[in-house]
Structure formats: C-alpha cells, structure tokens
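A.B. asks: For the record, the sequence lines run as chains B and D. Position in the first sequence (first residue = 1) + 10 = my numbering. Position in the second sequence (first residue = 1) + 10 = my numbering.
Keep in mind that the hints were calculated from the coordinates and are not lab data. Because the structure is a prediction, the values reported are computed rather than measured. Some hints could be false.
Which copy is meant is left open, so a pair is good if it fits within one copy or across any two.
[As the list claims (entries may be wrong)] In silico BS3-like pairs for lysine-lysine, Cα to Cα no more than 30 Å straight-line: (1) 74 x 458; (2) 74 x 149; (3) 444 x 232; (4) 278 x 149; (5) 353 x 441; (6) 179 x 254; (7) 254 x 499; (8) 149 x 80; (9) 64 x 278; (10) 188 x 465; (11) 467 x 491; (12) 458 x 353; (13) 246 x 80; (14) 444 x 353; (15) 232 x 353; (16) 64 x 353; (17) 74 x 353; (18) 254 x 232; (19) 250 x 188; (20) 179 x 353; (21) 188 x 227; (22) 444 x 80; (23) 465 x 499; (24) 250 x 227; (25) 181 x 467; (26) 181 x 227; (27) 149 x 282; (28) 458 x 232; (29) 64 x 491.
Protein chains: 2
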Amino acid sequence: MFNELGPIDRSNLGDMPVEEFRHHGHDFIDWICDYFSEIESYPVLSSSEPGAIKRRLPGAAPEKSMEMEKIFADFIEIIIPGLTHWNHPNFYAYFSISSSGPSILGELLIAALNINAMLWKTSPAATELEETVLEWMRKLLHLPEGFLGMMVDFASVATLCALIAAREKVKDLNIRVKGFPRTENAPSLCFYCSDQTHSSIDKAAIIIGVGLENLRKIESDKDFRMRTDLLEERIKEDLKNGHKPFAVVATIGTTSTTSIDPIPEIGKICRKYNLWLHVDGAYGGNASILPEYSGLMDGLEYADSYVINPYKWMSMTIDGSLFYFRDPDFVEHAFSIVPEYLKTVESQHVTDYMNYGIQLGRRFRALKLWFLLQYFGRDGIVNRIRETVRLGRLFQSLVEENPDFEIMAPAPFSVVCFRFNPRNETLDEAKLEKLNVRLMDEVNNTGKIFIEHTKLKGRYTLRFAIGNIRTAERHIRSAWKLIADCAEKLVHD
Amino acid sequence: MFNELGPIDRSNLGDMPVEEFRHHGHDFIDWICDYFSEIESYPVLSSSEPGAIKRRLPGAAPEKSMEMEKIFADFIEIIIPGLTHWNHPNFYAYFSISSSGPSILGELLIAALNINAMLWKTSPAATELEETVLEWMRKLLHLPEGFLGMMVDFASVATLCALIAAREKVKDLNIRVKGFPRTENAPSLCFYCSDQTHSSIDKAAIIIGVGLENLRKIESDKDFRMRTDLLEERIKEDLKNGHKPFAVVATIGTTSTTSIDPIPEIGKICRKYNLWLHVDGAYGGNASILPEYSGLMDGLEYADSYVINPYKWMSMTIDGSLFYFRDPDFVEHAFSIVPEYLKTVESQHVTDYMNYGIQLGRRFRALKLWFLLQYFGRDGIVNRIRETVRLGRLFQSLVEENPDFEIMAPAPFSVVCFRFNPRNETLDEAKLEKLNVRLMDEVNNTGKIFIEHTKLKGRYTLRFAIGNIRTAERHIRSAWKLIADCAEKLVHD
C-alpha cells in the first residue's frame with residue numbers, strides 16, 4: 011500500500027553520538043548539582059500567568075534538528091520559571107515530596123536501559139528485583155507475612171486494581187466474562203469508605219461500573235476516622251435492602267488531615283460480612299517503618315490488599331506505588347489475558363507481572379527503590395522520617411503557642427491542619443474562610459513558601475505538610491514566622 | 011497516639027551530598043556511554059534461570075547505609091546479566107524499542123525536578139509544555155485538527171480512558187453515578203474490535219464492567235484487517251437482539267502482523283450507528299509522520315479518540331502514550347472528581363490534566379518528548395523511521411529469496427511475519443509449529459538475536475520486528491544469515 015519511500019539521509023541516522031551524550035550528560039549532572047545547591051533561591055510557586063509559557067513556545071516542532079545547547083537554554087529560560095519547585099524545602103502543599111540522589115541515579119539507569127518489565131522473560135532481573143525489593147519493603151514496613159507485591163505507577167491504579175479483584179471475587183457474578191447482570195434480582199454491588207477518603211476511590215467507583223451512588227461514604231468521627239458503628243449499621247441496612255456489599259477501603263493517613271481509620275475494627279467487620287478490605291497507606295503507611303509507628307499495621311492481617319507510596323515520604327522520585335495483595339489468584343483472575351505473542355515456556359515457574367495489573371508495559375522502577383533502600387539503609391530512612399515527624403510536632407507547637415491560631419485536627423504524622431482565628435474577633439465561618447484564603451494567598455505570593463487548604467466538616471482549613479528531604483528546623487521556624495507575620499498584618503490592615 | 015519518637019542521628023539527615031551526587035552522576039554517565047558503545051557485546055536475551063537472580067540478593071534491606079560504589083558493583087554483577095537488552099540492535103521481538111540520548115537526558119531532568127503535573131498550578135510549565143508538544147505531535151502525525159491531547163503512561167490506559175468516556179456517553183445511562191442498571195430492559199452494552207486487536211481491549215472490557223462476552227471480535231480478512239461487512243452485520247444483529255452497541259476499536263498496526271484496519275469504512279459505520287470510534291495507533295501511528303504514510307490518518311476525521319506511543323518507534327524512553335480526544339467534555343465528564351484540597355482559582359482558564367484520566371499523579375513526560383522532537387527535528391525522525399521501513403522491506407526480500415521460507419502476512423511497516431517451511435518436506439501445521447519453535451529457540455539461544463512468535467489464524471508464525479534506533483543494514487543481513495543457517499542445520503540434523 012505504501013510503495014514509494016522518501017529519500018533517506020545516511021548522515022542522519024542512529025542515536026546522538028556517544029561522545030556528545032557524554033558531554034551533555036556531564037553538563038546536565040553539573041546543572042542538577044547547581045539546582046539543588048541553589049534550590050532555596052527559586053520561588054516555590056511559579057508566578058507564571060495562564061498561557062504565558064505556551065505563548066513563548068513555537069506552534070510547531072522544528073523541521074531541522076536543534077543543538078542540545080539551544081534546547082537546554084530554552085529549558086532554563088522558558089520552562090524553569092514556569093515550574094512549581096516540589097524540591098524546595100519550603101514546599102508544604104498537598105503531600106510534600108522530593109527526589110533524592112540515589113533515586114535520580116536509579117532513574118538515569120532506568121531510562122538508559124529502557125527495558126519493559128512486562129514478562130519475566132523480557133528482563134528476568136527486573137521481575138526478580140521487583141519481587142525482592144517488595145519483600146524487603148514488606149518487612150521494613152512491618153506488613154504481615156503473606157502479602158505479595160508489585161510496583162505500579164500511582165496509588166489510584168493500585169486501588170483500582172484492588173477493587174476490580176474484589177468485584178470479581180463476588181460469588182455468583184462473573185463480570186469479567188458476562189458484564190454486570192441486567193436482572194432485577196441480580197446483586198446490587200456497593201462498597202464503603204469514609205467521608206475523608208481519597209478521590210481516587212470515587213474515580214474507581216465510576217471506572218468499575220459500580221457508580222458513585224453505590225460508594226457509601228461513612229461519616230468520620232471528630233478526629234476524622236471512619237465510624238465503625240455507622241459502617242456496620244450501613245452494611246446491615248444495605249443487606250436488608252437487597253444490596254450486595256463487597257469491599258471496604260480504609261485509610262492510614264487520609265489526604266485532608268492524615269487521620270487513621272481504625273483498621274482492626276474495620277477488619278473484623280470485613281471478616282464478618284466477607285468483604286474485601288483494601289487499605290490505602292499511600293502517605294501514612296510510610297511511617298510504619300518506624301518501630302514506634304509499627305502499630306499502624308495492626309489489623310492488616312484482615313486486609314486483602316494494601317498500597318503505600320515510597321515517592322510520598324521516602325524521597326523516591328515519582329512514580330512508583332507498592333501494591334500488595336494477599337491472594338494473587340484473585341488479582342490474576344481479574345486481569346490475566348495472555349495473547350499468543352506473549353506466551354512463554356517459563357510462565358509456569360516465574361512471575362509475569364503484566365498479569366496482575368491494568369498496564370501491559372512496565373518501567374523498571376524496582377531499580378531506583380533498590381538504590382534508595384541500600385544507599386540510605388533502613389536506619390537512614392527511619393531517621394529521616396522520624397525527623398519529619400519531629401518537625402511536624404514542632405510546627406504544631408508553634409501554632410499552639412499563638413492564641414490567634416487554632417489546630418483543626420490531630421496530626422498523627424507530619425501534616426498539620428490549622429487556621430487563623432484572631433482571638434479579638436468573632437468571625438463566622440464565611441469570614442474565617444475569606445480571611446484564611448487571603449492569608450494563604452499572601453504567604454504563597456511571597457514565593458517563599460507554598461501551603462494549601464482543605465475543608466474539614468465545612469470549615470476552611472490550612473494544611474502544612476512536611477515531607478521533603480531538604481526541610482530542616484530552620485525552614486519550619488521561618489515558614490511559621492512568615493505565616494504569623496502575614497496574619498498579623500492582615501488584622502492590622 | 012504515637013508519643014515517643016526514637017533517637018534521631020543529626021549526621022544522618024538530608025539527601026546525598028551534592029558533591030557526592032556529582033561524582034556518581036559523572037560515573038553513571040560514563041558507564042552509560044560504555045554501555046551503548048559495547049551494546050553489541052551483550053547477549054540480547056538473558057540466559058538467567060528462573061530464581062537465579064533472586065537467590066543472589068539478600069532477603070532483607072540493609073540496616074546501615076551502603077556505599078554507592080558497592081551498590082553499583084552489585085548492579086553490574088547481579089542485575090546486568092539478568093537483563094534482556096532492549097537497546098541491542100538485534101532485538102527483534104514484540105515491538106523493538108530503544109532509548110535515545112535526548113530522551114535519556116530528558117528523563118534525568120524529569121527525575122531531578124520530580125514535579126507532579128496533576129494540576130496546572132502544580133507546575134504551569136509542565137501543563138503548557140504538554141499541551142504544546144501534543145499539538146506539535148498532532149501536526150507532525152497529520153492527525154486532523156480538533157484533537158486535544160494528553161500524555162498517559164501506556165496505551166492500555168489511554169484505551170481504557172477512551173472506552174470509559176464512550177460508556178458514559180451512552181444516552182439514558184448514567185453509570186458514573188448509578189452504576190450499571192439492573193433491569194431487564196436496560197441496554198446491554200457491547201463494543202467491537204477485530205480478532206487481531208491488542209489484549210488491552212479485552213482487559214478494558216473486564217475493567218469497565220461490560221464483560222469479555224460483550225466485546226465482539228470481528229473476523230479479519232486474509233490480510234488481517236477488520237471485515238467491515240461483518241462489523242455492520244454484527245451491529246445490526248446486536249441491535250435486533252436488544253443490545254446497545256457503543257464503541258468500535260480500530261487499529262493502525264495490529265500487534266501480530268501490524269495490519270491496518272480500514273478506518274474510513276469503520277468510521278462511516280460508527281457515524282451511521284452513533285458509536286464512539288477509538289483508534290489504536292500505538293505502533294503503526296508513528297509512521298504517519300512520513301508524508302508517504304500520511305494516508306494512515308484517512309478516516310481519523312470520524313474518530314473520537316486516538317492513541318499513539320512515541321516510545322514504540324520514535325526512540326522515546328518508556329513510558330509515554332499520547333492520548334488524543336475530540337471532545338474534552340466527555341472525557342472530563344467521565345473522570346472529573348475535584349476534592350476541596352485540589353480546587354484552584356485558575357481552573358476556569360487552564361487545563362488540569364488530572365481531570366482527564368485515571369491517575370491523579372502525573373510525571374513530567376512532556377519534557378523528554380520536547381527534547382527528543384527538537385534534537386532530532388521532524389526531518390531526523392522521518393529519516394529514521396523511513397530507514398526502519400526500508401530495513402523491513404529488505405528483510406522481507408531476503409526471506410522471499412529463500413524458497414524454504416514463507417511470508418505469512420503483508421508487512422505495511424517494519425515487522426515481518428514469516429516461517430520456515432522447507433520446500434522438500436510436506437509438514438502439517440503441528441510439525442511446522444514444532445519446527446519453527448525449535449528454530450526460534452535455536453537462534454535466541456545464541457544470544458545474538460531475539461525474535462518472537464505469534465499465531466495467525468492457527469498458523470505458528472515468527473515475527474521479525476525492526477524499530478531500534480541502532481539497527482542498521484548489517485544487523486539485518488547477519489540476523490537473516492543466522493536464521494537461515496540455523497534452519498538449514500535443523501533440516502540436516
């Protein structure tokens with residue numbers, strides 16, 4: 011069908027010459043060193059206006075090749091000013107994350123090797139290193155024995171996989187083959203989480219065809235933990251009304267306040283009603299590496315699946331979520347589709363990870379985690395996470411010392427929820443929201459720190475999240491001074 | 011709840027010191043240069059036995075930190091021999107992919123910056139560069155105007171997103187909110203692809219709750235292209251039987267033979283029956299950058315969504331699929347869930363990419379594609395892909411010249427399907443399969459090349475896939491010589 015090939019320029023084939031790569035590679039490494047040395051001189055939050063960067067970029071790709079020097083100069087001039095610097099030690103928004111030396115070096119090799127770890131055969135070392143490193147992590151995290159793990163990109167995907175496996179485990183249904191049944195006496199699936207659970211659970215409810223209406227958001231208590239009395243009540247009610255409960259998602263470290271659902275009680279309820287228990291420890295689960303936090307894993311003996319993100323608090327570069335499951339058969343049953351061109355003679359004796367997830371392609375993420383775990387060692391990671399928790403408590407004590415501020419939720423990890431509420435004024439919720447929005451904008455507009463907000467049972471709340479490997483006590487103290495000074499100025503104005 | 015923090019070692023905080031990073035970084039760059047210079051001295055396929063690598067790794071992470079030199083030495087000694095070298099110019103299995111200098115350098119910066127491109131605000135430059143580069147690619151690929159694009163990790167995810175959006179577009183259903191309806195007169199969803207379509211479509215049928223049974227695999231013609239007469243027949247039959255067709259997945263470059271479905275005819279049928287048309291150009295779609303292949307985009311004016319993987323044939327490092335869709339409202343309607351802590355004032359005027367997909371977290375993949383497109387330029391990419399097509403035709407002609415081999419399917423791109431069928435013997439299918447399995451194993455066991463197989467309408471077939479940026483004519487000629495020599499030896503034995 012396509013007969014006439016155009017002309018081929020023989021001088022213009024192959025990759026970048028090795029010596030050129032060496033030259034740029036060394037330059038890039040040096041630039042990264044400068045970047046990290048000068049990271050505090052960058053504004054945390056970009057002051058770029060919507061569309062400003064797009065306008066500076068050409069409307070079409072260049073026809074001819076460009077020198078890497080020119081590309082890099084544009085990167086410095088156009089892209090860098092438009093970045094929000096997640097590596098900045100004063101990044102306190104969302105969950106504060108950071109890259110780290112060993113992880114960046116791991117990514118460099120991952121990119122160079124460029125293997126696809128879909129099958130054991132497509133790189134035995136990738137699969138076996140992944141199995142090994144996930145078992146290392148299971149032990150480090152005090153996760154009970156009997157969990158098998160794999161690396162996926164993000165926790166949203168791990169949770170989605172867990173819920174699909176849970177859906178397929180429902181007796182007398184076979185959605186995998188038949189789809190959802192269209193008979194009025196077919197079971198109407200529903201599942202449970204708290205009103206604090208991450209939005210990825212809502213997305214999963216949509217994707218798997220259960221629907222948002224059938225995701226029951228169980229009210230949380232005053233400390234934002236799922237109320238197990240209400241959970242059991244709702245399950246009973248659903249059963250009475252002919253619904254078919256199939257799963258509960260519990261969280262260790264919810265996104266707004268980092269509250270911890272009572273896993274053991276939830277686990278017992280799941281056991282009683284034969285529900286799949288998925289535990290989302292994306293952020294908080296990192297802390298279970300500390301002996302003093304190993305109690306977080308209490309109740310995990312009831313769990314069918316678990317997810318934890320080392321890129322959230324262990325300074326692993328994104329992406330990479332650890333998805334653990336107890337019974338690989340259920341996960342494999344849900345996902346395995348092996349076309350002829352991917353059949354291998356080894357498959358009886360090895361793990362073909364593509365059979366346990368959504369994506370066929372898989373990056374060699376285990377390598378960077380292996381680098382990171384060995385470079386810092388268990389004690390090094392424990393030490394760093396422990397210091398972050400200490401800084402969180404320090405920030406909380408600074409807030410508590412100021413009578414114009416209030417703490418809005420318990421802070422079990424290193425995220426502090428607080429707000430400005432000047433003692434000499436009596437402000438209603440609407441005014442408090444307005445005031446705190448202004449405070450947040452003021453401090454963020456300085457470019458010196460970046461904080462974000464949430465709403466807790468209708469109350470506008472500021473969040474101060476610590477997790478960056480470069481954040482030290484001096485950053486916390488000066489960030490707090492900035493917040494308090496801005497607040498004082500707001501009142502005086 | 012967690013009161014007593016353990017001891018903190020102040021000497022053991024922060025990241026790898028900058029000067030240490032510089033030292034290792036330079037060493038790693040030099041190693042990568044050596045790796046690429048010596049790539050042909052590695053066996054393509056690892057000869058590692060199942061479990062052999064795992065046995066060489068400790069059962070638990072080290073307690074104390076390890077020197078990077080020691081970690082790297084283990085990488086060289088334990089990991090490297092267990093890798094299948096996807097960068098080897100004699101890797102002809104699956105779809106042959108490769109990393110490239112500009113893309114590796116891009117990944118290095120992506121890892122160092124470690125931003126999460128979930129919202130515009132979380133890095134304006136990441137979102138705007140992604141919008142820009144995807145528009146560049148749209149033009150380069152001759153994709154019609156009016157498609158908006160985003161980068162996801164793999165085509166499996168893009169296809170899944172497309173099918174969820176398609177499912178949510180079905181009138182009188184609201185699965186997003188209500189889940190699948192449980193009434194006998196509810197529409198029974200079904201969708202269509204050919205019997206050559208990628209296994210990710212089957213996975214999507216499972217995940218979205220439609221079920222494998224309701225994915226109709228339309229028979230392909232003798233050239234492995236979807237038969238549109240059968241497609242329309244089946245749609246009519248489904249409608250008559252009360253089913254509700256909602257989508258068709260057509261492919262440009264199927265996985266087994268790289269056949270091209272007749273997109274314009276399929277598009278017209280989709281228009282007629284109001285079906286979502288998703289086109290999977292993951293591999294073959296790369297070729298539409300060649301003017302002589304721009305006809306591949308004929309019929310794309312009917313498509314609602316499209317996916318193409320530049321990591322498949324443009325030497326971009328994995329991962330990174332370009333997911334294009336025509337009407338962002340449908341995709342956003344399916345996926346958008348914005349919790350309070352992610353609400354931003356800018357969201358009216360900017361693109362928040364997290365609202366168009368499954369994952370909340372997003373790597374800054376646009377950066378490496380931007381590097382790659384500028385470094386090679388359009389002409390450079392055209393030239394390289396064109397050369398690969400030429401090499402594919404060369405390999406095909408070598409096979410055709412040998413009367414003991416047969417071509418098993420048309421080769422529109424750079425993948426050749428063939429098998430050994432010695433002229434002086436009359437072998438049945440079972441014996442031909444056995445013979446070709448032996449031939450494949452023999453050539454792969456030399457470590458010199460790596461090819462894989464498929465089955466075409468029951469016939470065992472070898473696949474020779476060319477796509478690596480380092481593959482030159484001499485590789486093709488010697489690979490063919492190896493295959494032909496091994497075959498001759500097999501007959502003599």
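A.B. asks: With reference to the structure, classify each hint as holding or not holding.
C.D. replies: These are the hints, each one checked on the structure:
1. 74 x 458: neither (41 Å within a copy, 35 Å between copies)
2. 74 x 149: between (53 Å within a copy, 15 Å between copies)
3. 444 x 232: within (24 Å within a copy, 68 Å between copies)
4. 278 x 149: within (23 Å within a copy, 57 Å between copies)
5. 353 x 441: Between copies, since 19 Å is at most 30 Å while 64 Å is not.
6. 179 x 254: Both, since 12 Å and 27 Å are each at most 30 Å.
7. 254 x 499: Close neither inside one copy (56 Å) nor across copies (63 Å); limit 30 Å.
8. 149 x 80: This pair counts as between: shortest inter-copy Cα distance 23 Å, intra-copy 48 Å.
9. 64 x 278: neither (53 Å within a copy, 36 Å between copies)
10. 188 x 465: This pair counts as between: shortest inter-copy Cα distance 26 Å, intra-copy 41 Å.
11. 467 x 491: within (28 Å within a copy, 72 Å between copies)
12. 458 x 353: between (55 Å within a copy, 21 Å between copies)
13. 246 x 80: Answer is neither: 66 Å inside a copy and 57 Å across each miss the 30 Å cutoff.
14. 444 x 353: between (60 Å within a copy, 15 Å between copies)
15. 232 x 353: The answer is between: 24 Å across copies meets 30 Å, while 53 Å in one copy does not.
16. 64 x 353: between (45 Å within a copy, 22 Å between copies)
17. 74 x 353: neither (42 Å within a copy, 41 Å between copies)
18. 254 x 232: Within one copy only: 29 Å inside, 47 Å across.
19. 250 x 188: both (26 Å within a copy, 19 Å between copies)
20. 179 x 353: Intra 26 Å, inter 36 Å, cutoff 30 Å: intra-copy only.
21. 188 x 227: Both: 28 Å inside a copy, 15 Å across copies.
22. 444 x 80: Classified as neither; 46 Å inside a copy, 55 Å across copies.
23. 465 x 499: within (24 Å within a copy, 74 Å between copies)
24. 250 x 227: Within one copy only: 18 Å inside, 41 Å across.
25. 181 x 467: neither (37 Å within a copy, 35 Å between copies)
26. 181 x 227: both (24 Å within a copy, 28 Å between copies)
27. 149 x 282: Classified as within: same-chain Cα gap 28 Å, cross-chain 58 Å, threshold 30 Å.
28. 458 x 232: This pair counts as neither: shortest intra-copy Cα distance 33 Å, inter-copy 65 Å.
29. 64 x 491: neither (36 Å within a copy, 51 Å between copies)
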